[in-house]
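Visitor: Assemble the whole structure, with the sequences as input and the hints as a guide.
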Amino acid sequence: MRTQSMVPSITVDPSYFKQKTNDGVDPHHQHGINIVIEEIEGIIKVYKDGHVERPQIVPCVPTAVADPELGVTSRDTVIDKFTNIWARFYAPKLHGVNTNTNTMKKLPLLVYFHGGGFCVGSAAWSCYHAFLAKLAAKASCLIMSVNYRLAPEHPLPAAYEDGLRSLVWLKQQAFCERDGDDNNQWWSMQCDFSRIFLVGDSAGANIAHNVSTRFCSGTILSPLIIKGQILVQPFFGGEARTSSEKYYYMVQPRHSVLNLAASDTYWRLALPAGSSRDHPWCNPLANGSCSGVAMMVCISELDILKDRELEFCGVMGRAGKKVEYVVYKGVGHAFQVLDKSRLAQTRCHEMITHIKAFVDNN
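The numbering used here numbers the first residue of the sequence shown as 16 and each following residue consecutively.
Think of the hints as simulated: they come from the structure by calculation, not from any bench. Cβ atoms here follow ideal geometry from the backbone N, Cα and C, with glycine treated the same way. Incorrect hints may have been included.
[Unchecked claim] Here are the computed distance ranges between Cβ atoms for each label pair:
hint, residue 1, residue 2, range
1, 70, 326, 30 to 36 Å
2, 145, 372, 20 to 26 Å
3, 288, 77, 35 to 41 Å
4, 70, 108, 33 to 39 Å
5, 339, 60, 35 to 41 Å
[To be verified] In silico BS3-like pairs for lysine-lysine, Cα to Cα no more than 30 Å straight-line:
hint, residue 1, residue 2
6, 149, 355
7, 120, 371
8, 371, 186
Guide: Right, here's the structure in full:
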């Protein structure tokens, strides 16, 4: 039987959050009069006055940095200058012309959202740059990696709104390509806009699912066609603890990037003030929210989220949704981007193979 969480709810009014001064130092901190109200050690620190600190735990890299053997081109593009949303595009090497139609081969597009508990992370992080360049090359697909706004300065639904804004921008590019507009993007001539997949890992998988559930029905995105979701270790939650959450310390790898305390902190910072972890943005089973498109879920055996993700897949399947999942043995949360062990690299190769098969079949 599951037990209710006894972790107190701490909420912060987003209006308190502010940017650092130009020199990166808040003057209150110099005098030691500010106090920390939320912290994940080494990752994020939130002060009572709204000041937020994020140590650079992963370096950011420019688009030019990539394995030359992959033959992948990457460039950054501004999506919305008013909210500073941008995306990094990846395009694999061209493979010639379709001899039947004398046209360039069109590739599916994966719209990717990075992880980080909604509070940290970047499309320019070196670990994502390396993983997505490899995914583009091995799965023969285009990738649009979205750099969305972060909580707690921009709590949910800001990330979902940025996801929709990115798709609306993509819709505009589809019209430009269809109409032969000279302003179309460098990658668009390769893009099959009728084969769009919403993809992400951890919090990014949550974004992909919620964007699909909330916005991808009807004709709002036409001529884009969303063919499926690919959810890698989706960051879901709930007030009731699962077994893999309660007993994570018995199986979880040392120095895992996600433990129960960190998970709870991310949710307190990301959800609207006063919300519990049974908010439908956190717990998709709380109100039965689901999308009609095909779904693939990638689960890590040693992840605290494993049981919650398996339950999610079961509920979606019983609701008649097309869902398939894979459990990767012996690895933990975010292994595909943060774990450099030989086992993790083997599992990463398996994951890319499975993603390619899902895309090819949908």
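Visitor: Per the hint of 33 to 39 Å, is the separation of the Cβ atoms of residue 70 and residue 108 within bounds?
Guide: holds (36 Å)
Visitor: Given a hint of 30 to 36 Å, does the C-beta separation of residue 70 and residue 326 actually sit inside it?
Guide: Once the Cβ atoms are compared, 34 Å apart, the range 30 to 36 Å for residue 326 and residue 70 holds.
Visitor: Does the Cβ pair residue 288, residue 77 satisfy 35 to 41 Å?
Guide: The hinted range 35 to 41 Å holds for residue 288 and residue 77, with Cβ atoms some 37 Å apart.
Visitor: Decide if the proposed pair is consistent with the structure: residue 371 and residue 186, CA atoms, cutoff 30 Å inclusive.
Guide: holds (24 Å)
Visitor: Take a quick look at whether residue 149 and residue 355 sit within 30 Å of each other, Cα to Cα.
Guide: holds (15 Å)
Visitor: Between residue 339 and residue 60, does the C-beta distance stay in 35 to 41 Å?
Guide: For residue 60 against residue 339, whose Cβ atoms are near 39 Å apart, the range 35 to 41 Å holds.
Visitor: What's the verdict on residue 120 and residue 371, does the C-alpha distance respect the 30 Å limit or exceed it?
Guide: OK: residue 120 and residue 371 at ~17 Å, within 30 Å.
Visitor: Is 20 to 26 Å respected by the C-beta to C-beta distance linking residue 145 and residue 372?
Guide: holds (22 Å)
Checked against the numbered hints above, the structure breaks none of them.
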